[in-house]
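2 protein chains.
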Amino acid sequence: MTHAADIAQSYIALWNETDAGRRQAMLEQSWAKGATYADPLMKGQGHAEIDALVGAVHARFPGFRFDLLKPADGHGDFVRFSWGLGPDHPIKGSDVLVVEGGKIRSVIGFLDQVPSP
Amino acid sequence: MTHAADIAQSYIALWNETDAGRRQAMLEQSWAKGATYADPLMKGQGHAEIDALVGAVHARFPGFRFDLLKPADGHGDFVRFSWGLGPDHPIKGSDVLVVEGGKIRSVIGFLDQVPSP
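Residue numbers (this note's numbering), protein chains in the order written: chain A, 786 to 902; chain B, 786 to 902.
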């Protein structure tokens with residue numbers, strides 16, 4: 786049984802880490818080697834590509850942070866949670882994580898709210 | 786690109802089908818052979834086990850129906866939607882489907898609302 790809260794916390798911590806060296810260490814510790822990430826806007830496979838996705842979001846939204854919007858829940862090797870980006874969360878989404886051997890194996894992300902253009 | 790609305794509609798139709806023979810035909814048509822299903826209460830793999838899960842829910846909630854609570858959305862091979870069970874939806878959940886070659890390959894289900902005991 787996966788500890789949903791711990792997995793979600795480490796996931797959000799990665800997205801909030803602006804230092805690429807520390808991100809690399811976090812990916813080694815908590816993500817499977819060939820981990821996959823896919824949301825409606827971005828996809829990547831492996832630590833280097835996922836690191837680049839996080840870096841791209843920090844470049845686009847400097848100073849913004851991801852927050853969990855409510856406690857994560859999960860069952861078996863699955864975890865889900867909703868998040869908000871920014872000081873006042875103009876962007877919100879919900880992610881489902883598949884965990885394997887305690888590490889994040891894949892991320893399926895969806896957007897719940899995006900700002901009007 | 787998966788047609789999220791079509792996939793979700795066929796998924797809900799399976800859960801509303803009380804005839805085991807028709808369910809078998811629907812599984813053949815729309816679900817991959819080794820498809821997996823997992824929610825907090827039940828899991829199964831392959832058409833026969835998934836058919837049995839649906840049958841068990843009809844046995845427990847005779848006459849109840851699943852409804853989509855809002856339009857499905859998706860990207861790539863992923864579809865998500867929320868559903869309600871019953872005439873007045875005392876039980877609600879959200880599912881993520883992974884599609885492969887146009888057929889449902891895996892279902893990751895979560896419960897959003899369950900009745901108080």
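Treat the hints with care, as some may be off.
Since the list gives no way to pick out one identical chain from another, each pair is judged satisfied if it fits inside one copy or across any two copies.
Said to hold, decoys possible - Derived DSS-like pairs (lysine-lysine); straight-line CA-CA distance at most 30 Å:
#1 Lys855 <-> Lys877
#2 Lys818 <-> Lys877
#3 Lys828 <-> Lys818
#4 Lys828 <-> Lys888
#5 Lys888 <-> Lys855
These aren't lab readings, by the way, just hints derived from the structure by calculation.
Model, not experiment: these values are computed from the prediction.
Outcome of the hint check:
{"no.": "1", "hint": "Lys855 <-> Lys877", "verdict": "both (12 Å within a copy, 17 Å between copies)"}
{"no.": "2", "hint": "Lys818 <-> Lys877", "verdict": "within (27 Å within a copy, 35 Å between copies)"}
{"no.": "3", "hint": "Lys828 <-> Lys818", "verdict": "both (15 Å within a copy, 27 Å between copies)"}
{"no.": "4", "hint": "Lys828 <-> Lys888", "verdict": "both (18 Å within a copy, 21 Å between copies)"}
{"no.": "5", "hint": "Lys888 <-> Lys855", "verdict": "within (22 Å within a copy, 32 Å between copies)"}
When held up to the earlier numbered hints, the structure conflicts with none and fits them all.
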